[in-house]
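Residue numbers (this note's numbering), protein chains in the order written: chain A, 1 to 379; chain B, 380 to 703.
Simulated from the structure, these hints should not be mistaken for lab results.
Hints may be right or wrong, so weigh each one.
[Unchecked claim] No farther apart than 30 Å at their CA atoms in a straight line, the calculated lysine-lysine pairs in the DSS-like style are these:
#, chain 1, residue 1, chain 2, residue 2
1, A, Lys140, B, Lys613
2, B, Lys701, B, Lys631
3, B, Lys631, A, Lys169
4, A, Lys241, B, Lys631
5, A, Lys140, A, Lys228
6, A, Lys169, A, Lys189
7, A, Lys241, B, Lys701
[What the hints assert, rightly or not] So the derived label-pair ranges between C-beta atoms look like this:
#, chain 1, residue 1, chain 2, residue 2, range
8, B, Phe669, A, Thr251, 27 to 37 Å
9, A, Ile109, B, Val697, 50 to 60 Å
10, B, Gln496, A, Val28, 18 to 28 Å
Cβ atoms here follow ideal geometry from the backbone N, Cα and C, with glycine treated the same way.
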Amino acid sequence: MSAPYAKLPGWADYGLIPLINVVVAFGVAGLVVLLVGESPVEAFTYLIEGAFGRGQNIAYTLYYATSFIFTGLAVAVAFHGGLFNIGGEGQAYVGGLGVALVCLSLDGILPWWINFPLAILGAACLGALWAFIPAYLQAKRGSHIVITTIMFNFIAASLMVYLLTTVLKPAGSMSPQTRTFLDGGQLPKLNFVFDWFGASVRSSPLNISFLLALLASFLVWLLIWRTKLGYEIRTQGFSPKAARYAGIGETRIVLVTMLISGALAGMMALNPVMGDANRLQLDFVTGAGFVGIAVALMGRSHPAGIIPAAILFGVLYQGGAEIAFMMPSISRDMIIIIQGLVILFAGALEHMFRPSLQALFASISPRSGAGEAAGQKGA
Amino acid sequence: MDQAFVVLIQLLDSTIRLSIPLMFACLAGLYSERAGVFDIGLEGKMLAAAFAGAAAAAVYGSAWIGLCFAVMVSVALALVHGFASITNRGNQIVSGVAINFIAAGTTVILGQAWFAQGGRTPSLTAETRFTGVHLPFAPELREVPVVGYIYYELISGHSMLVYLAFFTVAFTWWVLFRTRFGLRLRAVGENPAAVDTAGISVTWLRYRAVICTGILCGFAGAYLSMAIGAGFVKDMTAGRGYIALAALIFAKWRPVPAMFACLLFGFLDAVSIRLQGSPLPIVGPVPTQFMQALPYVLTVILLAGFIGKAIPPRAGGVPYVKER
Chain A
1 MSAPYAKLPG WADYGLIPLI NVVVAFGVAG LVVLLVGESP VEAFTYLIEG AFGRGQNIAY
61 TLYYATSFIF TGLAVAVAFH GGLFNIGGEG QAYVGGLGVA LVCLSLDGIL PWWINFPLAI
121 LGAACLGALW AFIPAYLQAK RGSHIVITTI MFNFIAASLM VYLLTTVLKP AGSMSPQTRT
181 FLDGGQLPKL NFVFDWFGAS VRSSPLNISF LLALLASFLV WLLIWRTKLG YEIRTQGFSP
241 KAARYAGIGE TRIVLVTMLI SGALAGMMAL NPVMGDANRL QLDFVTGAGF VGIAVALMGR
301 SHPAGIIPAA ILFGVLYQGG AEIAFMMPSI SRDMIIIIQG LVILFAGALE HMFRPSLQAL
361 FASISPRSGA GEAAGQKGA
Chain B
380 MDQAFVVLIQ LLDSTIRLSI PLMFACLAGL YSERAGVFDI GLEGKMLAAA FAGAAAAAVY
440 GSAWIGLCFA VMVSVALALV HGFASITNRG NQIVSGVAIN FIAAGTTVIL GQAWFAQGGR
500 TPSLTAETRF TGVHLPFAPE LREVPVVGYI YYELISGHSM LVYLAFFTVA FTWWVLFRTR
560 FGLRLRAVGE NPAAVDTAGI SVTWLRYRAV ICTGILCGFA GAYLSMAIGA GFVKDMTAGR
620 GYIALAALIF AKWRPVPAMF ACLLFGFLDA VSIRLQGSPL PIVGPVPTQF MQALPYVLTV
680 ILLAGFIGKA IPPRAGGVPY VKER
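Pulled out of the complex, with its shape left as it was, chain A reads as follows:
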């Protein structure tokens, strides 16, 4: 079979095409704004102002981005292994249970800097556990991981509602949430960093799990591109046949990849549960698991792309609140449209602009055109 598309220069492949896709997605979103009867330009101004206007806003933007980095990495790791983990939402939800269990049992006894690693472990373990069953079923019983992870999202939602309304809620309370964690279960905020730059932040939920997210991005890069396991994961994802021929155990790779993916998704829970609300609440994930899909697709599954993509969605979440405040007819559901459009254009339609771009490059420089021809002959 021939390679359907010839090679573009690296910067065009990893920079220009995602950029075009995102711009088109925003263009279509702008049309929706027009349809609603508002000005897209004005909306865009509010978006930027709301996301970057003051130190406070930047802190909020980064707070949202923290969650999306985790879920984006989770989806990306699975992508590298040729798996589509659509269950980040459920894994993060159950990961929150791990955070809450650690905090509820130890917050009065130990300081936060001991509880933090334990909570990371709790979140990662439960997130991984929630990914393990679909992974096992995919590897051993051949059931499709997309369907099973979707099912597990719903099962997680039912499970957590049940736990929060019965076991985890303090006696006598009506609202489905745990008690507020004591000091030992609260992560320190990063507001002081903004003070260094002279921007005062009164209160923001940005906390040190943002640094953990950056560390996790680096570790994922290390894992995927600098270790033997990462090489095996990429081989499995690129060509399962080649992986089998090379003696890479398919079952092991599927299981390990999904465990890592689930652990990363589970760690997302640290940010809202331990860093902001300081209690486990109903539906605290609020779609971050699904945003992870858009982030991973936009960031081409590379940590260097995932961080800016996550920040972009942080901008949408934070700036979107500003738009909703200034233009009541554009509620925060606009973000869901943009998210869908980004997934559509950066994911499903990623090849749409490629042929014309290739033709353009071929016409500009004859060398790359010749390369294209040679590539097609060779393939």
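Fit chain B to the given chain A structure using the hints.
Showing chain B alone in chain A's frame:
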């Protein structure tokens, strides 16, 4: 009449009402997936159709115009899915996910902008909905013991779309297994290269399958907002598209078992609504959440191969590339 019998009939009656949207969506998925195009965007198409139907019915004051709009919007989204996954050979799962989000966001934004009722559409009056129709002789036969009562309470008195759903099951079976189009549709899902060799366009065949999916999702959405509901409410599909997908797998991609799978999942739903936490005779109190999760748990168990094996169409999810 015996109390238990009346309760049972009521339960079965709500089973039918609750399983109809699943049945339409499930059959919709069946066309697409049998042709080799995975579609997890059933949820989004249903939601968009529910909104379009209720909005058009409210504005133009006619249920039929509402239904037309529901189908048109759903087909348009189906064509987007087709364009991404057939023409551009994109990832079908990613495309389906995208459509779900676009529908979820757009319905609320447009609903708020047009009607300013917090994302709802105006309540529909009886004339602009698909209300129950009485089958012939239903009131007269009501007094006949058992049979007449069942006929009056359970079989008669549903909306026209309910009967259409059951008809669609039979029709789909006929199309799939007794027509040339159906044969080719199944073939293109198993081995598109063979279909191509026979001189039949894989692309056109798959587009037609995707359009069928759009039409049926339109009915599903219209039923939600214009038959059991009286207007659109934010996120009113509430995961039914995914349950329909589960039912499709449960039925191993066959129309008649699909009907039974949808009835089963509808029954579970009806039971959980009826119980609302009150204890069962033998097992004691069952949490509502457990009943809600049961269809998903059953599907996972089925997928794991513990209740027979569900083998998807062989070419499902794989874009067709002509040999060059």
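Here is how each hint holds up against the structure:
For the proposed pair Lys140 (chain A) and Lys613 (chain B), the alpha carbon gap of about 39 Å is over 30 Å, so the pair is violated. Distance check on the hinted pair: Lys701 (chain B) and Lys631 (chain B) sit about 28 Å apart at the alpha-carbon level, within 30 Å; holds. Pair hint Lys631 (chain B) plus Lys169 (chain A) does not hold up; C-alpha atoms about 41 Å apart against a cutoff of 30 Å. At most 30 Å may separate the alpha-carbon atoms for a hinted pair to count; Lys241 (chain A) and Lys631 (chain B) meet this at roughly 27 Å.
Of the supplied pair hints, the one linking Lys140 (chain A) and Lys228 (chain A) holds, its CA atoms being roughly 23 Å apart against a limit of 30 Å. Between Lys169 (chain A) and Lys189 (chain A), the direct Cα distance comes to roughly 26 Å. Compliance with the 30 Å bound is thereby established for this hinted pair. The straight-line distance between the Cα atoms of Lys241 (chain A) and Lys701 (chain B) is roughly 21 Å, inside the 30 Å bound, and the hint therefore holds. The hinted window of 27 to 37 Å between Phe669 (chain B) and Thr251 (chain A) holds, with their beta carbons roughly 31 Å apart.
A hinted range of 50 to 60 Å for the beta carbons of Ile109 (chain A) and Val697 (chain B) is consistent with their spacing of about 55 Å. Taken as a hint, the range 18 to 28 Å holds for the pair Gln496 (chain B) and Val28 (chain A), whose Cβ atoms sit roughly 26 Å apart.
Consistency note: the structure conflicts with the earlier hints numbered 1, 3.
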